[in-house]
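Based on these hints, arrange chain B on the given structure of chain A.
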Amino acid sequence: MYLLRAIQKGADGVYVVGCLEGTCHYNEGNFRASERVKHVQMLLEEVGLEGDRVRMYNLSSGEGPTFAAYAKEMTEHIRKLGPNRLNK
Amino acid sequence: MIVAKRKPFEEIKEMLKGYKKVLNVGCGTCVAVCLAGGEKEVDVLNIELDMAGKLDENPIELGAMTIERQCDREYLEALDPLVDDYDAILSMACGAGIQFLAERYPHKPIFPAVDTTFIGVNQGVGWYEERCRSCGSCVLGLTGGICPVTMCAKGLYNGPCGGTNKGSCEIDKDQPCAWYLIYERLSRQGRLDNILKFSPATDWQNQIPRTLIQPGYKKSEEV
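Just so you know, the protein sequences line up as chains A and B, in that order.
63 is the number that my numbering gives to position 63 of the first sequence; each next residue is one higher, with no gaps.
99 is the number that my numbering gives to position 99 of the second sequence; each next residue is one higher, with no gaps.
Keep in mind that a hint or two might mislead.
[As the list claims (entries may be wrong)] Label pairs and their calculated CB-CB ranges:
#1 206(B) - 26(A): 26 to 34 Å
#2 48(A) - 137(B): 21 to 29 Å
#3 87(B) - 71(A): 27 to 35 Å
#4 106(B) - 76(A): 52 to 60 Å
#5 26(A) - 123(B): 33 to 41 Å
#6 129(B) - 72(A): 42 to 50 Å
#7 2(A) - 121(B): 27 to 35 Å
#8 163(B) - 69(A): 56 to 64 Å
#9 76(A) - 145(B): 57 to 65 Å
Worth flagging that the hints you see were computed from the coordinates, not collected in a lab.
Here a beta-carbon is modelled for each residue, glycine too, at the ideal position from N, C-alpha and C.
Bound conformation, chain A alone (with noise of 0.2 Å):
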């Protein structure tokens, strides 16, 4: 839902973090949250958009060049993809 409202409101990309798999607190709420991602892939897909604008990364709290590192790689993905088709 706020992936989907995000790229609406002209976001050229989202990307989710979750803990690592196995170590969620919540168990399995990492898992879900992947599931709901590729789910939203597929209805960007469905309305003419590139679903993956929307990208679910994994990584620990302690990983701060990790997430650094994600970051330059979602930024460089999305240049390629060219901005949002609903900035026009």
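Below, chain B alone, put in the same frame as chain A:
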């Protein structure tokens, strides 16, 4: 509860072609519980329609309202002041709710956004399984609480067919034979004599929409 499934987006989009202002009405009971047509699902569908409309350069103005139950006049009334502001209504309720909505606003095109699928149980978050076909003559008391109409591929009331195969149904080895399950359960309960009790076949033919007035609820002029 009644379980429903969202229709494919393309089908919904096609139904709404030509309408500029659409009210999407959710239902806060069964379809909300099964994550198909409650407040959240109304918002998600509206966002999709909004984005698709903008991409196609054919925007639709969308309204959203989720009422407690679309199968109940008491709650439908809340829509009265809104309906005339829209060209069409999209309903995310089950087939009963959609028809009740259409009956209340006969001048307005009403479209279904979900396919009503079955009466079922919740096996986990977002996971539902059919348990009842609403046949109108429940035999669960004789069958150890396992419905032969729903669980048997042929809906047989009086024992298995010749296709029962070591506990599985002939249609699929992963589909248990309902009558095998019934036998096992009655056997464990020491009630196997029940399996010999004959249940007359349900008269499925010439079915018309059923009406039920619960005892004690008949209006005085109807008594």
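Structure-based check of each hint:
| no. | hint | verdict |
| --- | --- | --- |
| 1 | 206(B) - 26(A): 26 to 34 Å | violated, 53 Å |
| 2 | 48(A) - 137(B): 21 to 29 Å | violated, 49 Å |
| 3 | 87(B) - 71(A): 27 to 35 Å | violated, 44 Å |
| 4 | 106(B) - 76(A): 52 to 60 Å | holds, 56 Å |
| 5 | 26(A) - 123(B): 33 to 41 Å | violated, 20 Å |
| 6 | 129(B) - 72(A): 42 to 50 Å | holds, 45 Å |
| 7 | 2(A) - 121(B): 27 to 35 Å | holds, 30 Å |
| 8 | 163(B) - 69(A): 56 to 64 Å | holds, 58 Å |
| 9 | 76(A) - 145(B): 57 to 65 Å | holds, 58 Å |
The earlier numbered hints that this structure contradicts are 1, 2, 3, 5.
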